[in-house]
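Q: Below are the chains, spelled out letter by letter.
Number of protein chains: 2
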Amino acid sequence: MKISVVKNIMEANQRIAEENRRRFSEKKLLVINLMSSPGAGKTSLLEKTIQSMKADFRVGVVEGDIQSTYDAERIGQTGVPVVQINTGGACHLDSNMVQEALKGLDLTQMDLLFIENVGNLVCPAEFKLGEDFKAMILSVAEGDDKPLKYPLMFHESRVLLINKIDLLPFCDCDPDLIEERALKINPQLTIFRVSCRTGEGLDRWADWLRNQVKQRK
Amino acid sequence: MKISVVKNIMEANQRIAEENRRRFSEKKLLVINLMSSPGAGKTSLLEKTIQSMKADFRVGVVEGDIQSTYDAERIGQTGVPVVQINTGGACHLDSNMVQEALKGLDLTQMDLLFIENVGNLVCPAEFKLGEDFKAMILSVAEGDDKPLKYPLMFHESRVLLINKIDLLPFCDCDPDLIEERALKINPQLTIFRVSCRTGEGLDRWADWLRNQVKQRK
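Protein chains in written order, with our numbering: chain V, 788 to 1004; chain W, 788 to 1004.
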């Protein structure tokens, strides 16, 4: 009984995710589902990435949080359109929430859409939203054991951004070990080492992203 | 339909949590449910706390992880009894998992039991396990906006440990703001600022905890 309910929820999510996917494809829009633990730097990465991309591309953002509009206000200051989803307790976004949020965005005026998921290294990895790919951020302050303990997120992601590398001298964290463990789970991962605070490594990530958007057109 | 299923799950969890609670009370055992984001320092705090307490009290640990026995192996090296729960995907512990884990521990030989929850700032706050109280850790690397965005965990916790304060000079995080925002959600919170890396602040936490265990006897 319990299993059949869960299955129905996942099937319904999958169906709506495919509807979202079709809409995004029609508009030739690149859509990225951005995931991480709380405080790994999703919103900071978006701020920096938008600043770097917005001269060349039209960017939009869907912000997911349990409550508050704090992140949407931060993103709004970059000047790009943003819609906030409040999940009201739920620990991840699902495809239906995203479909609702899309009503507030003009997709015909957009090349690149970021969906910032709820801060959670577990559940968001299970839910397709209709994105082209998932990208995850891991802060070096979280430690190099995270691929061992939260493998699904590493498995489902196309990109891993190892963030806060400016903190490496002050943390017991080996970024080579993160990469080795992550690639063992998912050999296709593209990995960037960045610091949103110092800006280190962000150019390489932005260049890669520019190519992804261009390939879409 | 969906709502009634969720309600049944929560009722079943509550009933088993009360059974656990009765067993703990009979043994005059202090039980702490330790929660945080991934990588905020739960296992490191336990290692340090056990080292400091084990001369005076008999300590035990239940380790909760989605998979792996990495944390239980770390705790095992301190010499105290430890049982690992693997949730197999679930993003939080529930009372039934803990009841199963208790079969592996001799509660008559214990004064203090830590239950280390899955790393997740959202869902663990919703599930009672039978503990005396919940304690949460927030790493300063996660930022001072976390009480605004994940209020339930701050609301449900009796203790907030602000960890990694050695990183404060290198993070855009104001610990006074964390305290102000956390106390607004939960004025009863007892707050400690600590660094598991340098040891700063850990004595105050251990002294407080000693008193809690003594009051139980």
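If you're looking for bench data, these hints aren't it; they were derived computationally from the structure.
A virtual CB, placed ideally from N, CA and C, is assigned to each residue, including glycine.
Some clues are possibly wrong.
Unchecked claim - Cβ-to-Cβ under 7 Å is the rule here; a few derived chain V residues that face chain W: (1) 826; (2) 907; (3) 909; (4) 946; (5) 957; (6) 961.
Q: Could you run down the list of hints and mark each one as holding or not?
A: Hint by hint, here is what the structure shows:
Taken as an interface hint, residue 826/V checks out: its beta carbon lies about 3 Å from the nearest beta carbon of chain W, inside 7 Å. Residue-level restraint check for residue 907/V holds (minimum Cβ-Cβ distance to chain W is 6 Å; threshold 7 Å). A hinted interface residue such as residue 909/V counts as satisfied when its beta carbon comes closer than 7 Å to some beta carbon of chain W; here the least separation is about 4 Å, so the hint holds. Interface restraint check: residue 946/V against chain W, minimum CB-CB distance 18 Å, threshold 7 Å, status violated.
Look at residue 957/V: its Cβ gets to within about 6 Å of chain W, closer than 7 Å, so that hint holds up. Here the hint on residue 961/V is broken, as its CB sits about 14 Å from the closest CB of chain W, past 7 Å.
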